[in-house]
Amino acid sequence: MATHRLSFFPLGNADCCRIDLDNGDQILIDYAAMRDPACKDDLRIDLPSELRKDLDSCKRDSYKVVMFTHLDDDHIRGTSNFFYLRHAQKYQGQVDGKSRIKMDEMWVPAAVITEEGCTEEDRIIRQEARYRLKEGTGIRVFSRPEELKNWLEGEGLSVADRRSLITDAGQLVPGWLAEIQGVEFFVHSPFACRTDDGSYVERNDGCLVLHATFSADGTKTRVFFGADIRQEPLSEIVRITRSKNREERLESDIVKIPHHSSYLSLGPDKGTTKTKPTEDIAYFYEKKLLWRATLISTSKPIPTNDDDPQPPHRQAANYYREQADAQGGTYIVTMENPKASSPETLVIEITGSKAKQKKSYSAGLVSAVSQPAPRAGNGD
Amino acid sequence: MTDALFAAPGESVAVDTLVGAHAQGLARHLVRQINPYARFVEARVAVEGADRIETIVFDVDVELSQITKFDIHPTERISVSFPPKNDAWPEVLALRQNFPVVPHLYLRPVEFPRSLCLYEEAYSEGQLRWTAVSIVERIRTWLSETAQGALHKDDQPLEPLFLGTRDTIVLPADIYAKTALGPTQLLIARVDRKPWGEIYIARYLAGGVQGQGAAFVAATYFCPPVLHGVMNWTPQTLSDLQSASIAARGDLVTSLRDQLSNWPRESWLLACHLALIVFFPKAREVGHTVEALETRVFVTNPTVGEIGEILGIWQLNNGVPGHVIGGTIDHERLDHITLVPLNPTFALDRQRAASINGSAVDLRRISAVGMGALGSQIANLLARSGYGKWSLVDSDVLLPHNFARHALVHSLVGMSKVDAMKMHLDMIIAEPIVEGVVFADVLNAGEKEDDIRRVLEAADAILDFSASVPVARKLALETFAQGRRASVFMNPSGSSSILLCEDAQRLTRLDSLEMQYYRAILSRTELGNHFAVVPRSIRYGTSCRDVSNTLPAHRVALHAALTSAAIKKALSSDGACIRVWIADEEDAVQALQIPPEDMIERQIGDWKLVTDRGLLNKLKLLRLTGLPAETGGVLLGTWDLTSRIVYIADTIPAPPDSKKRVTSFIRGCEGLLDKVAHAGRATSGMLQYVGEWHSHPNGFGTGPSGDDRKVFEWITEKATEDGYQPVMAIVGELEARWFVESISSQQNVDLGEAK
Numbered sequence: 003m004a005t006h007r008l009s010f011f012p013l014g015n016a017d018c019c020r021i022d023l024d025n026g027d028q029i030l031i032d033y034a035a036m037r038d039p040a041c042k043d044d045l046r047i048d049l050p051s052e053l054r055k056d057l058d059s060c061k062r063d064s065y066k067v068v069m070f071t072h073l074d075d076d077h078i079r080g081t082s083n084f085f086y087l088r089h090a091q092k093y094q095g096q097v098d099g100k101s102r103i104k105m106d107e108m109w110v111p112a113a114v115i116t117e118e119g120c121t122e123e124d125r126i127i128r129q130e131a132r133y134r135l136k137e138g139t140g141i142r143v144f145s146r147p148e149e150l151k152n153w154l155e156g157e158g159l160s161v162a163d164r165r166s167l168i169t170d171a172g173q174l175v176p177g178w179l180a181e182i183q184g185v186e187f188f189v190h191s192p193f194a195c196r197t198d199d200g201s202y203v204e205r206n207d208g209c210l211v212l213h214a215t216f217s218a219d220g221t222k223t224r225v226f227f228g229a230d231i232r233q234e235p236l237s238e239i240v241r242i243t244r245s246k247n248r249e250e251r252l253e254s255d256i257v258k259i260p261h262h263s264s265y266l267s268l269g270p271d272k273g274t275t276k277t278k279p280t281e282d283i284a285y286f287y288e289k290k291l292l293w294r295a296t297l298i299s300t301s302k303p304i305p306t307n308d309d310d311p312q313p314p315h316r317q318a319a320n321y322y323r324e325q326a327d328a329q330g331g332t333y334i335v336t337m338e339n340p341k342a343s344s345p346e347t348l349v350i351e352i353t354g355s356k357a358k359q360k361k362s363y364s365a366g367l368v369s370a371v372s373q374p375a376p377r378a379g380n381g382d
Numbered sequence: 007m008t009d010a011l012f013a014a015p016g017e018s019v020a021v022d023t024l025v026g027a028h029a030q031g032l033a034r035h036l037v038r039q040i041n042p043y044a045r046f047v048e049a050r051v052a053v054e055g056a057d058r059i060e061t062i063v064f065d066v067d068v069e070l071s072q073i074t075k076f077d078i079h080p081t082e083r084i085s086v087s088f089p090p091k092n093d094a095w096p097e098v099l100a101l102r103q104n105f106p107v108v109p110h111l112y113l114r115p116v117e118f119p120r121s122l123c124l125y126e127e128a129y130s131e132g133q134l135r136w137t138a139v140s141i142v143e144r145i146r147t148w149l150s151e152t153a154q155g156a157l158h159k160d161d162q163p164l165e166p167l168f169l170g171t172r173d174t175i176v177l178p179a180d181i182y183a184k185t186a187l188g189p190t191q192l193l194i195a196r197v198d199r200k201p202w203g204e205i206y207i208a209r210y211l212a213g214g215v216q217g218q219g220a221a222f223v224a225a226t227y228f229c230p231p232v233l234h235g236v237m238n239w240t241p242q243t244l245s246d247l248q249s250a251s252i253a254a255r256g257d258l259v260t261s262l263r264d265q266l267s268n269w270p271r272e273s274w275l276l277a278c279h280l281a282l283i284v285f286f287p288k289a290r291e292v293g294h295t296v297e298a299l300e301t302r303v304f305v306t307n308p309t310v311g312e313i314g315e316i317l318g319i320w321q322l323n324n325g326v327p328g329h330v331i332g333g334t335i336d337h338e339r340l341d342h343i344t345l346v347p348l349n350p351t352f353a354l355d356r357q358r359a360a361s362i363n364g365s366a367v368d369l370r371r372i373s374a375v376g377m378g379a380l381g382s383q384i385a386n387l388l389a390r391s392g393y394g395k396w397s398l399v400d401s402d403v404l405l406p407h408n409f410a411r412h413a414l415v416h417s418l419v420g421m422s423k424v425d426a427m428k429m430h431l432d433m434i435i436a437e438p439i440v441e442g443v444v445f446a447d448v449l450n451a452g453e454k455e456d457d458i459r460r461v462l463e464a465a466d467a468i469l470d471f472s473a474s475v476p477v478a479r480k481l482a483l484e485t486f487a488q489g490r491r492a493s494v495f496m497n498p499s500g501s502s503s504i505l506l507c508e509d510a511q512r513l514t515r516l517d518s519l520e521m522q523y524y525r526a527i528l529s530r531t532e533l534g535n536h537f538a539v540v541p542r543s544i545r546y547g548t549s550c551r552d553v554s555n556t557l558p559a560h561r562v563a564l565h566a567a568l569t570s571a572a573i574k575k576a577l578s579s580d581g582a583c584i585r586v587w588i589a590d591e592e593d594a595v596q597a598l599q600i601p602p603e604d605m606i607e608r609q610i611g612d613w614k615l616v617t618d619r620g621l622l623n624k625l626k627l628l629r630l631t632g633l634p635a636e637t638g639g640v641l642l643g644t645w646d647l648t649s650r651i652v653y654i655a656d657t658i659p660a661p662p663d664s665k666k667r668v669t670s671f672i673r674g675c676e677g678l679l680d681k682v683a684h685a686g687r688a689t690s691g692m693l694q695y696v697g698e699w700h701s702h703p704n705g706f707g708t709g710p711s712g713d714d715r716k717v718f719e720w721i722t723e724k725a726t727e728d729g730y731q732p733v734m735a736i737v738g739e740l741e742a743r744w745f746v747e748s749i750s751s752q753q754n755v756d757l758g759e760a761k
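In order, the protein sequences belong to chains L and R.
Just so we're aligned, residue 3 is where the first sequence starts under the numbering used here, counting upward by one.
Just so we're aligned, residue 7 is where the second sequence starts under the numbering used here, counting upward by one.
Keep in mind that the hints were calculated from the coordinates and are not lab data.
Fair warning: there could be bad hints in the mix.
[Said to hold, decoys possible] Derived Cβ-Cβ restraints for the label pairs, each shown as a range:
no.: 1; chain 1: R; residue 1: S578; chain 2: L; residue 2: I182; range: 47 to 57 Å
no.: 2; chain 1: L; residue 1: K360; chain 2: R; residue 2: G155; range: 14 to 24 Å
no.: 3; chain 1: R; residue 1: G155; chain 2: L; residue 2: E281; range: 34 to 44 Å
no.: 4; chain 1: R; residue 1: D77; chain 2: L; residue 2: N152; range: 53 to 63 Å
no.: 5; chain 1: L; residue 1: S344; chain 2: R; residue 2: D77; range: 24 to 34 Å
no.: 6; chain 1: R; residue 1: D77; chain 2: L; residue 2: D271; range: 36 to 46 Å
no.: 7; chain 1: L; residue 1: M3; chain 2: R; residue 2: T351; range: 31 to 41 Å
no.: 8; chain 1: R; residue 1: N104; chain 2: L; residue 2: T274; range: 29 to 39 Å
no.: 9; chain 1: R; residue 1: D77; chain 2: L; residue 2: M3; range: 52 to 62 Å
no.: 10; chain 1: L; residue 1: K360; chain 2: R; residue 2: F12; range: 25 to 35 Å
no.: 11; chain 1: L; residue 1: M3; chain 2: R; residue 2: A128; range: 28 to 38 Å
Positions of the beta carbon are idealized from the N, C-alpha and C atoms, including for glycine.
Please take these sequences and the hints and turn them into a complete structure.
So, in structure tokens, the structure goes:
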């Protein structure tokens with residue numbers, strides 16, 4: 003029985019999802035070490051330790067693929083402190099006495115290569131991605147190939163030289179087939195739109211949005227990884243995909259909800275109790291969600307008021323919850339799972355019976371032996 | 007939750023009014039919300055007479071794949087009712103009104119709410135580790151695995167279709183075949199009343215029995231295949247049972263009508279009640295092959311006569327059946343045929359006994375000689391699996407001291423061991439396994455000689471449990487019997503047991519295996535103390551297989567267990583075997599396998615020489631090591647003066663003071679006496695000096711030289727002093743030449759390929 007596993011880590015408003023394929027390959031989508039070690043009450047998980055624990059247990063020191071959907075802090079924080087980066091020796095030595103973790107392949111949207119004005123962690127990732135693209139190995143860039151023309155020429159390379167490393171929207175990522183690797187990725191974003199005069203307009207907010215189709219024992223399970231995509235491009239994705247007659251690439255058993263349940267990924271207005279999505283997005287959630295679908299909000303707990311302008315927004319949450327209910331499914335908030343006072347990694351198992359959220363509860367004594375006991379002594 | 011729910015038993019109460027420890031514990035656990043996947047709803051109490059049943063109602067979140075086999079919901083409402091006396095598992099109900107029919111539900115008098123069968127073990131076993139808290143996780147797992155269709159593991163037998171009746175009926179194993187032949191009368195007797203139900207035993211009755219209500223008559227019905235786990239109720243009337251058969255696209259009533267129509271209309275038969283035996287073939291899933299047959303027995307309250315009337319077969323006038331023309335089944339009155347459901351279990355026949363023992367039915371004829379402590383216990387164990395058709399030979403009667411270790415019991419004192427054992431073995435399973443007994447001594451059968459001969463001739467295997475070397479030797483040499491011989495015995499201290507078993511073709515006989523066993527005793531360090539006698543023990547026999555009198559029964563049982571398994575194994579393969587089990591002070595057992603060697607037998611004059619390939623290889627190797635000089639040594643073995651056999655088992659190689667030359671060999675004697683004496687002691691006198699051997703160099707053949715003749719004369723002189731015959735061997739390049747009785751009485755044995 004083939005089993006793939008998705009792990010969504012409780013990181014507050016930040017993303018990291020690990021895919022463990024049945025064939026043993028591991029893929030990371032975003033990396034954000036958000037936990038503040040100085041703060042004892044920080045309920046966010048210690049991501050690097052958590053990932054290392056898993057790597058140690060399977061005796062590995064690398065991921066097959068690490069994707070950075072875009073360069074916002076909540077998708078990349080701490081990357082240079084965890085990964086082995088090829089472009090500079092500085093990022094190759096040990097961290098706290100431990101070897102750095104290698105990325106066999108790095109997947110980034112074109113903006114990561116072309117963007118100017120980066121200064122911090124984003125700059126380091128940009129340098130690494132550029133280095134790999136220049137070397138022509140260990141990287142995949144997502145965009146229309148022509149998009150990279152200028153940059154490649156600046157490095158003395160042509161589009162033809164690197165075409166095999168570039169994947170455009172509307173394509174499957176080469177080398178991955180559901181029937182063989184257990185998963186295939188269809189690229190929704192970044193994409194370019196043809197304008198009326200036939201030229202292309204690049205979308206600057208084109209983060210990496212993928213539709214993954216997992217196959218286990220012949221059964222397919224579809225997962226939409228929405229990154230931080232906003233309502234306008236998401237609506238456009240729905241329109242384009244429908245016009246190309248690729249409805250199945252919009253079907254979802256699992257949706258990684260874009261941008262931590264921000265209303266801006268549904269529609270232009272927050273609404274008072276429930277956000278109203280655009281017509282296309284309504285189609286996506288109301289027509290294309292599959293039975294017992296899981297909607298995952300990688301976010302803080304849903305607030306009861308509107309004091310915080312930042313996501314998650316309760317109105318958006320209400321919409322998502324309603325759509326999940328309509329399919330007998332669930333809307334899960336990573337920082338509330340299983341309860342807000344002690345969030346745990348959300349694990350979803352994908353088998354021939356499709357997706358299943360693991361709900362394992364370790365009773366008192368099991369949890370007692372999986373953590374250090376309190377200090378015992380006879381007084382001072 | 008929007009699903010319609012059933013009410014849980016009792017009335018809603020506050021948690022702090024609960025009195026039962028388990029109910030309290032579960033309520034507190036849920037109220038504290040420790041388990042994120044379970045939520046408290048309410049506590050309820052029902053008072054039934056003196057009993058107070060406390061119920062906790064809660065919701066559980068179920069780990070659920072998108073695709074499920076049974077419609078379990080992500081959240082289910084559950085009630086757990088604790089029995090007031092804490093003497094049984096709590097009743098766990100799924101309160102959702104449309105909770106599906108799934109495997110592992112308990113049968114209740116009413117179908118809803120459905121009752122989950124969570125535990126396979128009995129509460130008495132499970133309660134030691136069971137906590138109120140653990141039930142929540144058990145329920146969640148149960149629901150999750152049920153949803154997946156995984157609760158019923160693929161390798162688990164299919165579960166019963168009908169649950170609920172606590173009464174058991176033991177049916178004859180061949181009831182199905184019997185009923186096919188016509189009305190089969192059964193006498194059904196209640197033998198015991200257990201707290202958990204009645205036990206009835208059904209036996210065949212031959213012919214009609216007078217008297218009312220004494221007997222039952224069996225009818226059978228074979229239902230079309232049914233999916234397992236989908237019929238969780240118990241039929242109360244023939245009408246219910248008919249519904250069940252129709253659900254499976256069968257028609258029980260018509261079949262029953264056809265059967266009854268063909269029965270003779272005799273008064274005894276009409277007065278019988280019906281024992282309706284229904285076979286339900288079960289499949290794991292729709293379209294799968296039938297993998298189990300469930301049998302249910304329903305005893306009718308009405309008589310066959312009354313049933314026949316309802317089925318429109320006849321009309322009773324003062325109990326006399328009158329013919330009905332065009333009679334039809336009175337469907338309205340099928341409800342009047344009330345049923346007492348019984349759980350049938352079948353009498354243990356060979357087939358089942360074997361399968362429960364994990365073996366196949368084996369009907370080989372076994373003659374067992376010796377029904378003492380070890381033999382009786384071995385036979386007892388083998389009979390448990392219905393192994394073999396036995397004949398027993400023994401000349402003893404049961405005396406009080408026997409029962410300290412024998413399989414039988416003191417109440418049989420004075421009975422012959424063979425009769426008592428036959429009685430015992432024939433009662434172990436529901437069919438006799440002993441075909442005959444001979445109350446006689448194999449060595450001195452007298453007028454029973456022919457009886458013994460008859461059972462031995464008929465045997466496929468002759469098992470010697472006599473603990474007597476002469477008996478074993480005699481059995482080995484009986485030429486009229488063809489069956490394979492095996493011998494099982496214990497050493498004097500009772501620490502070890504030995505199995506010697508001939509190969510299927512009997513190329514290596516039991517007596518040769520015995521000699522090889524002695525040789526092993528001299529060479530294997532594990533067997534160093536094999537024949538040592540425990541100082542405090544009282545020996546009251548003189549044989550090396552006489553077990554000391556202070557041997558505990560558990561040791562006999564231990565060795566009986568080990569050897570009974572080994573006998574089965576040995577007889578099921580073609581090769582010979584020599585096996586020894588050595589129990590230490592702590593009863594830890596070491597098992598030795600001594601590789602058997604092919605027997606070599608030569609008629610030399612009036613005498614038969616019996617040795618084996620192992621000994622010849624040993625001589626051959628000593629010769630090769632000695633080359634270019636000659637070498638030699640003494641031969642160890644034993645005599646059977648009655649059968650005129652000399653057994654050569656082993657050799658003591660040339661002592662250090664021997665003179666080994668290219669053209670001659672003078673066997674020295676330094677330390678030899680001690681070695682021979684040791685060989686005797688170590689084998690309890692079974693091995694002794696029997697003669698000499700020496701080698702000839704390459705190219706000289708094995709013809710006796712002048713010197714060799716002188717050696718033989720010398721041996722002759724010594725041997726005849728003791729009443730034995732001289733034995734000498736000359737080992738050459740290709741052969742060993744054996745001389746027995748006189749130098750002209752000789753035979754060659756090819757040395758074969760070097761090993």
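Hints and how they fare:
| no. | hint | result |
| --- | --- | --- |
| 1 | S578/R / I182/L: 47 to 57 Å | holds, 48 Å |
| 2 | K360/L / G155/R: 14 to 24 Å | holds, 18 Å |
| 3 | G155/R / E281/L: 34 to 44 Å | holds, 40 Å |
| 4 | D77/R / N152/L: 53 to 63 Å | holds, 58 Å |
| 5 | S344/L / D77/R: 24 to 34 Å | holds, 32 Å |
| 6 | D77/R / D271/L: 36 to 46 Å | holds, 39 Å |
| 7 | M3/L / T351/R: 31 to 41 Å | holds, 37 Å |
| 8 | N104/R / T274/L: 29 to 39 Å | holds, 37 Å |
| 9 | D77/R / M3/L: 52 to 62 Å | violated, 22 Å |
| 10 | K360/L / F12/R: 25 to 35 Å | holds, 30 Å |
| 11 | M3/L / A128/R: 28 to 38 Å | holds, 32 Å |
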